[in-house]
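Student: Here are the chains, one letter per residue:
There are 2 protein chains.
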Amino acid sequence: MRFHRIACLASVSVAAAMVATAPAKADEGMWTFDNFPAEAMRDTYGWAPDQAWLDKVQKGAVRLTGGCSASFVSPKGLILTNHHCIATCLFDNSTSAEDLLDAGFIAARNSDEKMCPGQQAEVVTKITDVTGDVKASFAGLSGDALARARDAKIAEIEKANCTDLATTRCQVVTLFGGGQYKLYTYRKYSDVRLVWAPEDRAATFGGDPDNFNFPRYSLDASFLRAYENGKPVSTPDHLVWNPRAPQEGELTFVVGNPGSTSRLNTQSQLAFEREVRLPITVATLSELRGRLIRAMDESPEHAREGLDTLSGVENSLKVYIGRTKALNDPAFTGKLAAAEADLKAQSADNDAIGDPWAAVEQAVAAYRDLYIPYRFNQPSGELFAYAQSLVFAAQERGKPNGERLPGYTDSSLPLMEKSLLDAKPIYPWLDELMMGWSLSKAREYLGVDDPQSKLLLGRESPEQLAERLVTNTKLADPAVRKALWDGGLAAIQASDDPMIQYALRLAPLQREQITAVREAYSGPLAIAGGQLADARFAAYGDSLYPDATFTLRISYGQVKGWTERGQEVPIATTMGGTFERATGNAPFDLAPAFAANKAKIDPSVTYDFVSTNDIIGGNSGSPVIDRNGTVIGAAFDGNIHSLGGNYGYDGTLNRTVSVSTAAVQEALEKIYPAPHIVAELKRR
Amino acid sequence: MRFHRIACLASVSVAAAMVATAPAKADEGMWTFDNFPAEAMRDTYGWAPDQAWLDKVQKGAVRLTGGCSASFVSPKGLILTNHHCIATCLFDNSTSAEDLLDAGFIAARNSDEKMCPGQQAEVVTKITDVTGDVKASFAGLSGDALARARDAKIAEIEKANCTDLATTRCQVVTLFGGGQYKLYTYRKYSDVRLVWAPEDRAATFGGDPDNFNFPRYSLDASFLRAYENGKPVSTPDHLVWNPRAPQEGELTFVVGNPGSTSRLNTQSQLAFEREVRLPITVATLSELRGRLIRAMDESPEHAREGLDTLSGVENSLKVYIGRTKALNDPAFTGKLAAAEADLKAQSADNDAIGDPWAAVEQAVAAYRDLYIPYRFNQPSGELFAYAQSLVFAAQERGKPNGERLPGYTDSSLPLMEKSLLDAKPIYPWLDELMMGWSLSKAREYLGVDDPQSKLLLGRESPEQLAERLVTNTKLADPAVRKALWDGGLAAIQASDDPMIQYALRLAPLQREQITAVREAYSGPLAIAGGQLADARFAAYGDSLYPDATFTLRISYGQVKGWTERGQEVPIATTMGGTFERATGNAPFDLAPAFAANKAKIDPSVTYDFVSTNDIIGGNSGSPVIDRNGTVIGAAFDGNIHSLGGNYGYDGTLNRTVSVSTAAVQEALEKIYPAPHIVAELKRR
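Quick note, the sequences are listed as chains A and B, same order.
Numbered according to numbering that gives the first Met the number 0, the first sequence spans residues 0 to 683.
Numbered according to numbering that gives the first Met the number 0, the second sequence spans residues 0 to 683.
These are calculated hints, taken from the structure and not from any lab test.
Wrong hints could be hidden among the right ones.
Because identical chains cannot be distinguished in the list, a pair is counted as satisfied if it fits within a single copy or across any two copies.
Said to hold, decoys possible - Pairs of lysine-lysine residues, derived as DSSO-like cross-links and limited to a Cα-Cα distance of at most 30 Å, are as follows:
| id | residue 1 | residue 2 |
| --- | --- | --- |
| 1 | Lys453 | Lys559 |
| 2 | Lys334 | Lys324 |
| 3 | Lys317 | Lys453 |
| 4 | Lys334 | Lys24 |
Build out the structure end to end from the sequences listed, making use of the hints.
Tutor: If you want it as structure tokens, here you go:
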């Protein structure tokens, strides 16, 4: 499970999550560290962590900007995360001759550790409430003006609070869809390197068919290391590695960064999801999946070079298909409707609330008209993404900090610069495929005669345009990107690179659309979201958790199976079970080293296990922590029922799937031997 | 627009259409020839055809068993239909060296005309009401027993009424979802040959992007000829070819065989469509589309060999995506809900009706559980379809006529035999792609651990199994198929052909599922459908049209544009407009002969035109007839609004798109010269 972004420019995207959640049921909730529901947990389980416990855990919890979670597990910057969170790094460090993704990777010493392009590790050091400041900045405003004022204030706060951009990052986060604004300050590590990874097939045994399923046999774990000034960083506040099997019923905490949820979206927002966004998303991604599957069948190179993209697409598709099912299940949607009705009833006498539901409905109605042009205003592909970032950055950097688009403020630029300039391989066939696909979908949904189709395509076909741009651009070369980044707007405007010219051609329309969306949708939602949050606090008190925002959260629960069509699903699998499930045929073929070491592997070692923790994509790689604060697993997936988790949590069915530290330890000792890491994991 | 079947064995499929329609609004309706609403038409237009007019037209109307409509337009068996209706025939007659689909085809003389594999032309000669007999056959029965008794009676009626199977075909049709059963007797012509076809690009100018759109520039017309005993048949009752432009507001009749509609499905059936069937269909077909697009990019051979399949998939997808939009449009579904509420209210005091809505709801609820296994119980691909037909036919032919599955009764076998034994090219890569795709989707939706997945795959992967079966089967050879057909069950059971063995392995499960679906779904629907029809007749009288069933219908309307986002869409395009729309890039590139003859073509000739006639897939190729009974066009598409036409007709927006006879005449004279056909079209 990944928090995976497809064809989405961060600065132009609109957050889907916007409303606060209803009172949480047992084990439900992705809680912020400054509002942990200790009392509720104690009521359920007779124990809850105290502030010291929470503070300690927070210091060891890591966010990976690639879209995952992780934890420090040694004093020397060693990071535990999922294999699927670093697959891109393995991939970017591979060649046809040396396929690290396929073969796995063990760095014998620090100097062998390989840099992960674009990846950055971040630890929260402070959370500050800035709600008053931000809300005051847009008092009395609406629409686009509101959004501009708010974003200017956020840019100002972020800039003022992080002066050392080399080691810190400031981010103002909108919680409860506008009910709260909090400044998160991070210690950041912009040099992250690869230390240890199993073979891809060991991590992805069962492939897409087994994804989001359990029982499961997956070694979805890897290690990275944070560096600074060319040296491993010191991380005395790391979590303690505890390679033991989980026990049925024991308490578990998952600490990480759930990416996004839309729980208690209003009915009109859910209708938009079900009626518009999800059908388009599933149809277009399914076609992309088909194109990729076939293209990868064409040669071993394509198979290798396309794998990372296909995995992301298939993972996303499974999520969106699961969401479609959830929103087409009357029993599930009935609960959501009942929750809205209850909140409305509770708020009926509260004049301060107004009618945010009607405001949201109006905003959503406006967004329905804007959605297709907005969604299809750019092609996919790494090279175009470079061009677009370069063009927007050049244009935005010429403005005062407070007038820029959110992704281009002073606090945002360092990570953007790193992503743009880090060297990594580009595969032209893959970029061409992505561009051709996305442009043909744009034409399909906009219509041939739409002016935007004509702007996107001119008189060329999607395939011709993609081929021409990908073949002729020089942006695959990091030096070319650096020259354009350093040269600013003048260099961009003078560039004869066709991809840059293309991005320049599209930019004015994209800007118009950003303004239109803010005016009719995001602006109104900022106000309505605040009102809905107020309604919720008034009705249910303030022991609530906000929708996920890819910021640090903690979820509590217990190791527990569930009942599937009358059958009890046990809490865990064993490593030995892998050999029984293997058919010899992909994706149920054994990883070679796994197979070769069958005699050495203790078949009874606990492999993967389930717990009731409430997580979602972005939580991948999160440490699973016991009540003593030690790490006993890394969360890597949810079961199939958890796919509705974007909209609501069902404790009887939703489960987190984690790989146990016991299995990782077994792999470190017997399959992918790394005694130096075993030793390092014992250091305190 | 096509009535296209994807991966669907006729005998195992369940008809979706089952309920009668509400009282028709102006121009709405696909009327049977024995119940034309002359009075209503006269009220609207001041004129309506009399019985002599209808009888004459019926005699010239042709059904093509490939899934299209057509008409006789000369006394020598010449048939007008769409190009897209005979694209498969062009394709089956092509080789890499001679691509008839691409280049078009003109037979200089009869002896050059090329046989179309699997194609049969049929003309209705008699319609007999057999409702009493059929209903009596299952009185007091339910579920599977009901379905068996009904099917036995139908087989008996068909067999008794068509003793000369070489020239006649009998088919009992279920109308109004069980309200009426009618015996259709056809004069059949099982030897249909290719006479004239334009270049593919002239017919498909604008390709998938322009499909279901208007203005349109498409020469979607072709000619076939019916043969018997090696000679063109005599068709004195042909319609009269009238190569003139349509006039705004003039009356038009479309006479053909609309394939299937689900208008006034109950709310529970619509919910099933929206929540289950359509999402799965769109997701899986989109992936197939992607696989095909990429595979066709691999070589000119693949591009040629895959085109027919891709066209079908893209056409179907556009239909299903359009239906999804319609069922996600509250304004549209609100009307359907209101119609159901009205019928319920009108029936409230009618004790004879009972509560068929509840019965349908219960049947649909049961079908929801059966649907996924039933849908995914077989792979796609021509070779597997051969194997399955051979296996089922061998098994069924050993039983008495009345005990066989519907597709295998004595009246059905001749067309099945023809489809099985006609020689045509098979492309192994394409069959492998289709099988691999469909098996991987089966595993995806069933789950890896489902017993049906294991039955379908054994321990092989979808791709391995597909490759092994396609590579090793001999069923591409018509002689092998003939030997197995002639050899019957003994030959089938003795066969070591792996595809036959595979089909044998799957057959028991498929039979179990057919029985289960009849028991819980089709059986109950047969009764409820009859009750709903009775309710409708009681409430609205009997001037109603039944849902489409790929049987002969007539729709009346007028040549008329519509208003699109405030703009008037004119009634017609001109041939000259094509040159303005052409970009030079596929699919907006001019067909070579079309381009080469630009100077000769009269740019003012009416090309394609729209009318308010109510049609749907299966109507493709239908003659558009004026009030004098002469042919002025061939219907080939609906506009984008007509995609909701499966569920309901909206006269303000839904339009039929036809190619004018004037344009076809211009092409016959100036682009693809065929003076002998021009002369033949003048003969009476």
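Student: Each hint needs a verdict: does it hold in this structure or not?
Tutor: Hints, one by one, checked against the model:
1. Lys453 <-> Lys559: between (55 Å within a copy, 29 Å between copies)
2. Lys334 <-> Lys324: Classified as both: same-chain Cα gap 15 Å, cross-chain 25 Å, threshold 30 Å.
3. Lys317 <-> Lys453: between (33 Å within a copy, 21 Å between copies)
4. Lys334 <-> Lys24: within (13 Å within a copy, 39 Å between copies)
Of the numbered hints given earlier, the model fails none.
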